[in-house]
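Colleague: Protein chains in written order, with numbering that gives the first Met the number 0: chain H, 0 to 207; chain S, 0 to 257.
The hints are simulated quantities; they were obtained by calculation from the structure and are not laboratory data.
As the structure is a prediction and not an experimental result, all values here were calculated from the model.
Errors might be hidden in some of the hints.
[As the list claims (entries may be wrong)] Lysine-lysine pairs mimicking DSBU-like chemistry, simulated, CA-CA at most 30 Å apart: (1) 59(H) x 152(H); (2) 152(H) x 158(S); (3) 152(H) x 92(H); (4) 92(H) x 188(H); (5) 92(H) x 158(S); (6) 59(H) x 188(H); (7) 100(H) x 152(H); (8) 172(H) x 100(H); (9) 59(H) x 158(S); (10) 59(H) x 92(H); (11) 100(H) x 59(H); (12) 172(H) x 92(H); (13) 59(H) x 187(H); (14) 25(S) x 187(H); (15) 25(S) x 100(H).
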Amino acid sequence: MNKIKYPTIRLCVVTFLVLTFCSPAFCATKSSQSSNDLYVSLGNLCEYVGKIQTDANGGKNICSFMPSLSMNYDYFATGDFAFSPEIGATLPKSGRDENIKTMTLFALLNGKYKTGSVNLIAGVGLYYTRIWGPGGDETLNNGNSSDSFPLPKDPVYTRNFIVNLGIQNVFSKDISGELYTYVFNALKKEDRAFSVGFSVSYHFGEVL
Amino acid sequence: MKFLAPLLISFMTINAHAFTLNNSAKLVFSQDEVTVNVAGGFCNNIGISDTEFLSIVGDAVDQFWNKAPTSRLKLRQGQIVNLATAYHTDLICTAGTNCTPNPAIAVASDILVTCNNNTTNFSSSSILGVTIPNNISGNTILGSIVMINDTAATQFDTKSRAEKVAIIAHELGHAFGLGHSPVEDSLMYYATVTSRVALGADDISGISYLYPKQQPISGCGTVDMSGKGPSTWPGLFIGFSIIGLAELFRKKKVKLYT
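Construct all of the structure, not just a fragment, from the sequences and the given hints.
Modeller: Right, dumping it as structure tokens:
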């Protein structure tokens, strides 16, 4: 019987609280206002790290090629704290069965706390996985013989509520790098999963 | 040796479709939780007790299918049930048909795993299990039966416990609507492999396609993290938003008066 445990959720909540309320901006009446900022990120998302078998010998996945593209807008509520809504997607790719295609879409509302050149990020959002196939049949081994098997056709979307924890390093006025993790099913140990991503961002500044 | 033995896991041809789906009708259970029961008293040749059999079933659901992060389907270990001997001896399909389910062994609900010694079901000792959703209403699976080879020549008893877990997990995949996968790192590959420890990417895509998880935000109320029951996340989320906005307005107000 699986028991629901809460270490991850506690960690997420505590992190968010720390990021939010330990911000001097929430206590001080005076702080340096940062500029709002639109930026676009290109990176790679390593899905469900350590969760997927990758070979016949029991090896598990670490990271596979899954390019991601996303866009954020930092809206500074205070000098150090910004709301940072984000939308993004990964490029469509084939599953292990070449006939199956998947891609993901995500929409997040992050909080960002500036600490010098390093920004801490925490947020929540929705993560969609689109799965589809070509329809028709595929001939596969069926034990003692081969057989024709129907493939999926119409796309199906799964929708997960995720927690995002990340860190951003600002290299220059225009360029930054991010490392982040998406936590799936944070409340349930049995199907909890982590995707880890990294990206490089180009900042357009206060364009909105 | 790449495979422990060739063709160890087989599936009734008429029911076998890969992820690929169980069949073109996309048969699925309507409920999010499906119980897997074990028929008691029938396993004479596979060398395990009913209790151990049930334990293996429990591991099969927990170690594999319940770990798919994007699927709403959760399999639950059930209990040992006492059934008529037909479940131990009968054909899985009605004789002379293109595998019309045998009504004598229809499973009323959920999934039943039973040992079976019918040598027509298991024409080869290398066939370890056969599975069929055998109680269907429209596109909905009401009940499925998993038969494990309990003939005198069965090779199931020669497998390690981990292999038995994987074999039953594979058959459970058929029971809820999946067919075979063409890639060997998938649990739904037609044969056993050296070490099976987790679902493959194709398995996760397959179960998610049939049973997509939908974790909604419904108004200001709940975020369903588990498919049942409310969560505190929306409250936290809204609370932080209000705090942020209040701080923003406060600062603007201060700026206005200075």
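Colleague: With a cut-off of 30 Å on the C-alpha distance, tell me whether residue 172(H) and residue 100(H) pass.
Modeller: Answer violated: residue 172(H) to residue 100(H) is near 38 Å, above 30 Å.
Colleague: Compare the distance between the alpha carbons of residue 152(H) and residue 158(S) with 30 Å, and conclude whether the hinted pair is satisfied.
Modeller: Status violated; Cα separation ~37 Å.
Colleague: Is residue 25(S) within 30 Å of residue 187(H), Cα to Cα?
Modeller: holds, 28 Å
Colleague: Within 30 Å, alpha carbon to alpha carbon, are residue 152(H) and residue 92(H)?
Modeller: Holds: residue 152(H) and residue 92(H) sit about 15 Å apart, inside 30 Å.
Colleague: Between residue 59(H) and residue 92(H), does the CA-CA distance stay at or below 30 Å?
Modeller: holds, 19 Å
Colleague: Check the hint pairing residue 100(H) with residue 152(H) against an upper bound of 30 Å on the C-alpha distance.
Modeller: holds, 10 Å
Colleague: Is it true that the CA of residue 59(H) sits at most 30 Å from the CA of residue 187(H)?
Modeller: holds, 21 Å
Colleague: CA of residue 59(H) to CA of residue 158(S), is that 30 Å or under?
Modeller: holds, 23 Å
Colleague: Holds or violated: are the alpha carbons of residue 92(H) and residue 188(H) at most 30 Å from each other?
Modeller: Measuring from Cα to Cα gives roughly 28 Å; hence the hint holds.
Colleague: Verify the proposed pairing of residue 25(S) with residue 100(H), using a straight-line Cα cut of 30 Å.
Modeller: Holds - the C-alpha atoms of residue 100(H) and residue 25(S) are around 18 Å apart, at most 30 Å.
Colleague: Take the C-alpha atoms of residue 59(H) and residue 152(H), compute the straight-line distance between them, and say whether it is at most 30 Å.
Modeller: Roughly 28 Å between the alpha carbons, so the hint for residue 59(H) and residue 152(H) holds.
Colleague: So if I understand the rule, the pair passes when the alpha-carbon distance is 30 Å or less; does residue 100(H) with residue 59(H) pass?
Modeller: Holds, because 21 Å separates the two Cα atoms, which is no more than 30 Å.
Hint compliance for this structure: hints 2, 5, 8, 12 are not met, and every other hint is.
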